[in-house]
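Undergrad: Kindly generate the complete structure, drawing on both the sequences and the hints.
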Amino acid sequence: MPIGGDVTQFFLGLMSFLAESIAARRLPVWNDLWGYGFPGVGESQMGAFYPPHLLLYGLLSVERAYVASLVLHTTWAGLGAYWCSRTFGAGRMGAALAGFAYAASGFFVIHMPHPWGYTTGAWLPWAWGLAWSLANHEGPGTARRLFLLTLVLAIQVLPGHFQIAFMTQGTIAVLAGWMALEALVRRRSVAGFRRPGLLVLGLAVVLPLAAIQVWPTARLAGMAADRRDFEYLSGFAATPLHLVSLVAPNLFHRSPLWRPLVWDPFHTSPEEYLAYVGTVPLFLALLAIFREGRRDPAVRCLSVLGAVSLILSLGPYVPGFRALIELPGFSFFRAPARWGLPMTLALALLAGLGVDRWRAWERPARGLLILAAAALLWIAAVVGLLELALWSTSPSGSRGAAELFEAAFRARPWQGDPDFRSVVNLARRPVAGLGSFEANRFAIYAVELGEALAILSAVALLAGLATIPRLRPIVPAALVALTGADLMLLGRHRLVDVGPLRPLAEQSPVLARLAQEPRGTRTIDPLRNLAMAAGLAPVQAYRTLDLPALTALGALARTPLDGPGGETALRAMRATGAGLRVLDPLEAGSRPPGEVETIADPNLARWLLGPDWNPDRRPAADAFRIVRPPGDAPRAWLAAGDVPEESNGDPRPVLDLLAAARPLHAVARSPIGWEIPLDETVHPGIVLVSVLFDPQWRATVVEEGGAETPANIRPAFRVGKGGGAWMRVAVDSRPAKGAVLRLTYDAAVVRQGLWFSAACWAAWCAAILEASRRERRRALTAMG
96 MPIGGDVTQF FLGLMSFLAE SIAARRLPVW NDLWGYGFPG VGESQMGAFY
146 PPHLLLYGLL SVERAYVASL VLHTTWAGLG AYWCSRTFGA GRMGAALAGF
196 AYAASGFFVI HMPHPWGYTT GAWLPWAWGL AWSLANHEGP GTARRLFLLT
246 LVLAIQVLPG HFQIAFMTQG TIAVLAGWMA LEALVRRRSV AGFRRPGLLV
296 LGLAVVLPLA AIQVWPTARL AGMAADRRDF EYLSGFAATP LHLVSLVAPN
346 LFHRSPLWRP LVWDPFHTSP EEYLAYVGTV PLFLALLAIF REGRRDPAVR
396 CLSVLGAVSL ILSLGPYVPG FRALIELPGF SFFRAPARWG LPMTLALALL
446 AGLGVDRWRA WERPARGLLI LAAAALLWIA AVVGLLELAL WSTSPSGSRG
496 AAELFEAAFR ARPWQGDPDF RSVVNLARRP VAGLGSFEAN RFAIYAVELG
546 EALAILSAVA LLAGLATIPR LRPIVPAALV ALTGADLMLL GRHRLVDVGP
596 LRPLAEQSPV LARLAQEPRG TRTIDPLRNL AMAAGLAPVQ AYRTLDLPAL
646 TALGALARTP LDGPGGETAL RAMRATGAGL RVLDPLEAGS RPPGEVETIA
696 DPNLARWLLG PDWNPDRRPA ADAFRIVRPP GDAPRAWLAA GDVPEESNGD
746 PRPVLDLLAA ARPLHAVARS PIGWEIPLDE TVHPGIVLVS VLFDPQWRAT
796 VVEEGGAETP ANIRPAFRVG KGGGAWMRVA VDSRPAKGAV LRLTYDAAVV
846 RQGLWFSAAC WAAWCAAILE ASRRERRRAL TAMG
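Quick note on the numbering used here: the sequence shown kicks off at 96 and runs consecutively.
It is worth saying that the hints were derived from the structure and are not from the lab. A few of these clues could be false.
Stated by the list, open to error - Only pairs whose alpha carbons sit at most 16 Å apart, straight line, appear in this in silico EDC-like list of lysine to aspartate or glutamate:
1) Lys832 x Glu803
2) Lys832 x Glu870
3) Lys832 x Asp774
4) Lys816 x Glu692
5) Lys816 x Glu741
6) Lys816 x Glu740
7) Lys832 x Glu770
8) Lys832 x Glu798
TA: Okay, structure coming up:
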């Protein structure tokens, strides 16, 4: 199974909570293990309403469900591309090539750690195929196709994240626009515009149908404090330099020395961009465009979809990007490089059409040779550009060339980044254990370009064989086989490590030890979300859509527990409600107070610090320590004075207020319910609770006889308009003996989304049934 990176630090903990909720037969509307708690359905990446998730995580262990989802969705993606290719007119061999090229493409290789990538990407070809079928179908069956398209698009929304779902809907809108344009140019009747109109209708109903997931996430996004400005939205775009990965997928991806030189200066990373569909599929797609574009509408449409996706993937390097990100949808999602996925699908489908029509083309071998030579020149130009950059700043270099590079760096759309000479200096600076890029670059070129050059040589050889009449018929099959070998080699160079398919607690002694603690114990640790897999609540949780609450207090709790600031760190830790502190091998020098348990855990060390951590296998470098500091860590207090709603983020006033407050015993009855006993000594005032404020929390004071009095909940210590906060509950009168303050999370927005979705599905199904009835009536009339 995949391990390390986002797999262990984000998703497995999150999916563990989903599995726990399914087993308890409750909706995960509030994730009480995520920091101070968080709207579980609103942060959509659990996919709480996605049917495959409910099935897999309801029947299998988390680890097996995770791997099964990866395998099944990748297979579904390949089958979808196969079927889509057939819909666009490819034969069986072409469709098989398209399916394999799409499912094994670079996007899925680098996004193996991200379930949203393959769960939503698997539905893209099904949606394209249905859209093309609907746009080109005449007669009965139109309503059925429209219904299936909306069903696929709605299902694609449910796994969460929404970016690929947005891309799918955007490309179908482009397809509809292109079909309408062709109808206009060819002066077709009004009926020629009906099909694109049906596509637009299908797109219009998707979000209402998927409101069960979209509604809670939209509410959370409105509350969140994320910066979605140009700096954020332009990050992780494809750059013109990195487009060379279309023909040389390993270049810039294998050596860690590349990152500060060709990735960081352009605000992107190798984990976000690898636009490789295979050298042969790329060449076949280009040949199909050049040879079939004029006479085949499917080729023209796929060419437009691929070109639009390529342009959008370039993000800020294309004029008009600042205006584009003001539009709905584009204003929400970062990482324009992910538009490489629909471009990949377009190329795979075009390649399927190309390999089928190979035999009908005149001198196709010549086209292959020209494209292979162009790819070789492209690679040489990129390497030459890198060499020129190094030479221009050497003692014998050209000042004019260096100034051109400096001007290019100044033209980048961001401010405050390192200039050209600073980046080149990094290329000459040795890195521990790796040396410098300048000294090792030729070895790096050899490793990273060897396979690409071998594939290009094989393409040239097959092009030569194609000139022999008796061998030409077998060349298409040979090209498909070469694609298989090419993409299999690509898969070997994945950017994530793999480990045995066993429960995490069996692989990590630290997780096994943490699992012995009471459920919901808060921790200060470097594991990010992984502690959730053991049933614990990491204070510094990892979220992509966040409501950060008292982040400075959590950061203070992560500082060393010994030394001059140790006492303050302990106070901060108690204030967060954390009863445990986990120290990783990087914190080996500290001497924390309290109970300390040392556990050797080489697997966890590599999950967190990388597969190359501790190559000498030194025991001390794999040692974690679990610290239980002295003193209690309450989660509720009766404040001595007023508790401010707003804060400037400084944790010291929080610590001072809690030092003067009276701790209260708080009990979590369920993930959505807390009870805080209020005895007769509690005077009217403010009860402060270290749970994330959400307007959907409800508070009541419940007396022994069952009488309930509503209490007012307000945020406490909120930083900024969109920041998160704790909860402050006003107790207006002295409570009776045995009274309890009861906090309940009322997920009204989830219910609203559920009912709205149900109503929309009922109306949509009724409309489809009526349209089908009319289609049958017209068909019978035509026959009669």
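Undergrad: Hint by hint, say whether it matches the structure.
TA: Now the hints, each set against the structure:
no.	hint	in the structure
1	Lys832 x Glu803	14 Å, holds
2	Lys832 x Glu870	71 Å, violated
3	Lys832 x Asp774	6 Å, holds
4	Lys816 x Glu692	42 Å, violated
5	Lys816 x Glu741	9 Å, holds
6	Lys816 x Glu740	11 Å, holds
7	Lys832 x Glu770	15 Å, holds
8	Lys832 x Glu798	8 Å, holds
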